[in-house]
Amino acid sequence: MGEPSPDGRFGSFGGCFVPETLVPACQELEAAFREAWADAEFRAELNRLLADYAGRPSPLTACVRLSEELGVRVLLKREDLNHTGSHKINNVIGQSLLARRMGKTRLVAETGAGQHGVATATAASLFGMECTVYMGEVDVARQELNVYRMRLLGAEVKPVASGSRTLKDAINETLRDWVASVESTHYCLGSVMGPHPYPWMVRELHRVIGEEARRQCAELTGGIPDVVAACVGGGSNAAGIFSGFADTPAELVGVEPAGGAAVGKGSPGVLHGSRSYLLQDEFGQVTEAESISAGLDYPGVGPEHSHLAETGRARYENVTDAEVLEAFEMLSRTEGIIPALEPAHALAWVSRERESLAGRTVLVNLSGRGDKDTELVMSLTAGR
Amino acid sequence: MKLQTPGRLEAALGACVAGGRKCLVPYITAGLPDWGRAVEAAADAGADAVEIGIPFSDPVMDGPVIAEAGERALRAGATPPGVLAEAARLDVDVPLVAMTYYNLAHHMGLERFASETVNAGICGAIMADLPLEELDPWAEAASQVGLATVLLAAPTGSEQRLRAICERSEGFVYAVGVLGVTGERDRLAASALEIAGRLKALTSKPVLTGVGISSPSSAAGAASVSDGVVVGSAMVRRLLEGQGPDGVARLVEELRAALDSL
Ligand SMILES: Cc1ncc(COP(=O)(O)O)c(C=O)c1O
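So the sequence lines, in the order shown, correspond to chains A and B. Number 229 in the numbering used here belongs to position 229 of the first sequence; there are no gaps in the numbering. If you want the numbering used here, it's the position in the second sequence, counting the first as 1, plus 1000.
Please note that the accuracy of each hint is not assured.
[Unchecked claim] A few chain A positions that, by computed beta-carbon distances, are all more than 10 Å from chain B:
hint, residue
1, 7
2, 15
3, 19
4, 31
5, 37
6, 56
7, 162
8, 182
9, 226
10, 272
11, 290
12, 315
13, 376
[What the hints assert, rightly or not] Taking CB as the label site, the calculated pair distances span:
hint, chain 1, residue 1, chain 2, residue 2, range
14, A, 144, B, 1262, 48 to 58 Å
15, B, 1168, A, 35, 27 to 37 Å
16, A, 6, B, 1261, 27 to 37 Å
17, B, 1190, A, 44, 55 to 65 Å
18, B, 1033, A, 47, 33 to 43 Å
19, A, 100, B, 1253, 50 to 60 Å
20, B, 1260, A, 3, 50 to 60 Å
Derived from the structure by calculation, the hints contain no laboratory data. Note that CB positions come from ideal geometry on N, CA and C, so glycine has one too.
Just chain B, with the same shape it has in the complex (with noise of 0.2 Å):
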């Protein structure tokens, strides 16, 4: 069995925010038709960390571009094994990271769900429905085999809820930017701002904001309060629409710069 360094994936990412450098964090859905190059070609690009979507029948917090991304891997034939099968195989020197919902792990059983992310090459796990009250199971097992656990934090959580979140997540604190689920807005909502602001407050872990965020004006606005944003619908659409990993690694380069002009 293997074991993930504990702590390499804040330690990469803690590493960036030490050295000035906002982390900027990709989302790709795996099983999506060359999703590997796209991930690798974010990572050479300028990424500091990829999350990989490993595809979900009923996808409650994600809007309709990675629903549907979903719907489209799943036709294809995604599955839990497939995917981790194929991120092992990964050219990529930057921490990857899970996203899924909880039911994937539950019915494949927690121990052998983080053992096998694990032997993925894969140091940290996000589990979109698995809030704070239901995740002594899942975290024992992930920290058995060194996976950390992300957490969300939202903008409706009260600051003692928010704290407890910020003690827990490993990795990172992934701040959900706005009332809402994935998707890509046009203009950074306001609440970005305000519960990176809460989060910075409350903890050292690096905070990076998610949801919502998928221009670079809007990535570094987020970021200029918080560590760093995770991109995923502006990222996946691309995908959707052909443009390939060539197009994820635009949009991934222009991102940078963004971000680097901070």
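Next up, chain A with everything else stripped away, as it sits in the complex (with noise of 0.2 Å):
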């Protein structure tokens, strides 16, 4: 997984499809990457950030009651054990200290699950940024844990009261924002989607779950292993660990929820900056997504993942939230870890396709815990 085209594109997908307004930022925010990225400095303090605040290198598991359970050699990255409590955290402290770099005061994202929110309000107050983060009412109203905790860290939580009142009109609000605060402000976008440079920089940003992984593999068992899944809603998670594997004879598998399979259900289209699968109708409206989980609720998927799927080098498979509820109490019990309903998702494939999967090894992202989970999934459960 290499660097997209000079005009940001992954095959032909991805570009840079944004109001004229922002253009001259996002030029600005590819070379300021670009030589962030070349800057030993720069690597250096993002690294000791993220050893030192974020507890980087996050360790890998081997299941074993799970794995005896399912027939199929389990292990787990641990990206719920970072701080903040997902994969979250290593994208947004690389883009502030790029901000920081770049002279910016403010940060705004958007946020499904809250996970993305939390970890860039910290980082807003770990640099002593503004924060804004702009979040669907249904997300709020779900995951209402995320929305205190940002408030405690000092971010501004602004609900969105349009559209599926979702994931994707929270970033419609930040992006509107954004055009009107372009010159102090930075959008720390929180997934492999967007304009250029955006689903590049993200997925550079995260390719240490992918790095690190290969080399706990490569000690744990002496190999790679057969399959990598992850969860994917724009993807980043799926995005970082496939980086590291993407060179290697590993399947790569993507999993969606049944209700917001872009590359499973959708088609090519234009959304939030680039080309990419998108769930639309036959106008070229964009559709509602529909899933348990807030983070994965989106219509769209980033847009290298378009082109994992359409040169076959990972294929994308997709569940339904009842299989999801399933993995998320089996790996509870059988492990001792409430894992979030985002990457439970990858966990209800290989539950399901353990028969297929018999014998081999696959390699779970596991990207966030389930604290922010456990009460929705009460109320699901309640009186079963």
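From the two separate chains plus the hints, produce the assembled complex.
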């Protein structure tokens, strides 16, 4: 997984489809990222923060009881153990450092599950920057805990009442804010989507997941896993872990929610800055995703995933909300790890495919922990 | 297949400018109740061209009023083919310009979208999320049927960028008057005068200021530097409030009077 073309394309996907006002900002961001990424001092500071502040490297856990139950050897990359509870912090620390280097004093971000919002609020607090997070009203209601955390961290949380009132609309609102505030503000985008250079930059900032995992797998098993699986909303945790294995024979599997399967059920379209697979109606109006998991409740997907799907290097499967709830409980019960609903999608796929995966080694990116979801799951499973 | 006369939009607006008349271009969201009559009323009340917004589900360049109008229109069943079919039946003799977002054209197919737009009697198109870097495939499809592609120029653009936009924009150059999305503003932003001045120094094409122009006084202020104004949210708000085509006509008359007094 290398650099996109100069016009920000992975194959025919990607690009920079934004209002004219934002084009210079995207170009500046690309130049600044290129320069910083080649600067040993920047990299050293980022690595220091990832270690001392975020707690990297995250461990690799070999599941014993789950592996026995499924008949599949399951390894977990423990992004749930990062500070703030998910992989999102890798990207956010990188982007915030970059924003500071560019002289920006304010961060804006969208959030679905609230994990990216919490990570951004955290970095803003760490670096003494202002922070505004947009979140759909539906998500504000179902991820109450994270709303409180963001406010506690000093961020302003703005509920979004338009459209489907979920992640897609939060992104619209964040883009509108950025159109008006671009001179002082950095848009800290939370996944491998949006206009160039975001899909590439965010993947590079999550590459650390794949690099660590490859080394850890080699130490533990002496080789590489047969399959690498990760959930896909925009696709940042998947892109991060895939990037460590794309040049190996490992199968790469992205798992989408059945109600938001952009690759599985969509067609190419242009939304939020890039051309990629998209759920849309016969006229090109974007349709609403519907998933139990706020972090995957998005009708699009990052452009590099569309490219990986088209070239066949990765494949994309989808699982239902019911399968996800089962997997959520299964990991909690067998391993003492309560996963977030997002990575429970990847586990649900492994569980469903246990027969075809029998005896093989599957590395799953456990992108986040489940505290934020326990209340929701409790209410959904009450009286069962 | 119909062809538009290439240059019709620029000729019409250029004639205004040459005659010492400031251009007034109201924007109406298609698909709202009575939108077609609102377009006709705007033309009758003194508009020099009318922009027709074809609603898109995710209008990131639009503020609350136009975004809300788009949502209402979509809920009422507005579709691109439906809007274009109604536009074809409008009785107006000023040029019509479609404003929308790229995915609707991308999805229908660029050539088909361009030719259906022209078949509806529309002579220009504005794609709010299609900057220079991504323009080529669309510009080619549009030029084949004589459809003018109007480009936005923003306060954040470098000199070099504004020059490239002026070169490629057809019909007129759309000067984005504020750092921000569409919506009414209390006062005319200093950036509106600045961007118009920068563009006027670079091109002989008509330069129209839009975004954040809502009152007769802000229109007159903006047009003191540029060749005219585009007024969107203030028009659309009147439709959302139920003032109908008459409300639109009254605002057009007030704006016309302010521009004519310059
Ligand atoms: C724990 C966790 N995993 C995954 C995601 C989905 O994002 P992505 O597909 O970019 O990894 C989220 C988003 O909120 C999340 O919180």
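These are the hints, each one checked on the structure:
1. 7: Residue 7 of chain A not clear of chain B: closest Cβ-Cβ about 7 Å, inside 10 Å.
2. 15: 6 Å, violated
3. 19: With a cut-off of 10 Å, residue 19 of chain A comes too close to chain B, as the shortest Cβ separation is near 4 Å.
4. 31: Given a closest Cβ separation of 13 Å, the condition holds.
5. 37: Given that every Cβ of chain B is farther than 10 Å from that of residue 37 of chain A, nearest at about 22 Å, it holds.
6. 56: 34 Å, holds
7. 162: At about 6 Å from chain B, residue 162 of chain A fails to clear the 10 Å cut-off, so the statement is violated.
8. 182: 6 Å, violated
9. 226: Check passes; 38 Å lies beyond 10 Å.
10. 272: 7 Å, violated
11. 290: The claim stands: residue 290 of chain A keeps its Cβ more than 10 Å from every Cβ of chain B (closest is about 15 Å).
12. 315: 25 Å, holds
13. 376: Consistent with the label, residue 376 of chain A stays out of reach of chain B, its closest Cβ about 26 Å off (over 10 Å).
14. A:144 x B:1262: 48 to 58 Å: With Cβ atoms ~55 Å apart, the hint holds.
15. B:1168 x A:35: 27 to 37 Å: 30 Å, holds
16. A:6 x B:1261: 27 to 37 Å: For residue 6 of chain A and residue 1261 of chain B the Cβ distance comes to about 50 Å; the hint is violated.
17. B:1190 x A:44: 55 to 65 Å: Given about 43 Å between the Cβ atoms, the range is violated.
18. B:1033 x A:47: 33 to 43 Å: 59 Å, violated
19. A:100 x B:1253: 50 to 60 Å: 52 Å, holds
20. B:1260 x A:3: 50 to 60 Å: 55 Å, holds
Violated hints, in rising order: 1, 2, 3, 7, 8, 10, 16, 17, 18; the structure is consistent with all others.
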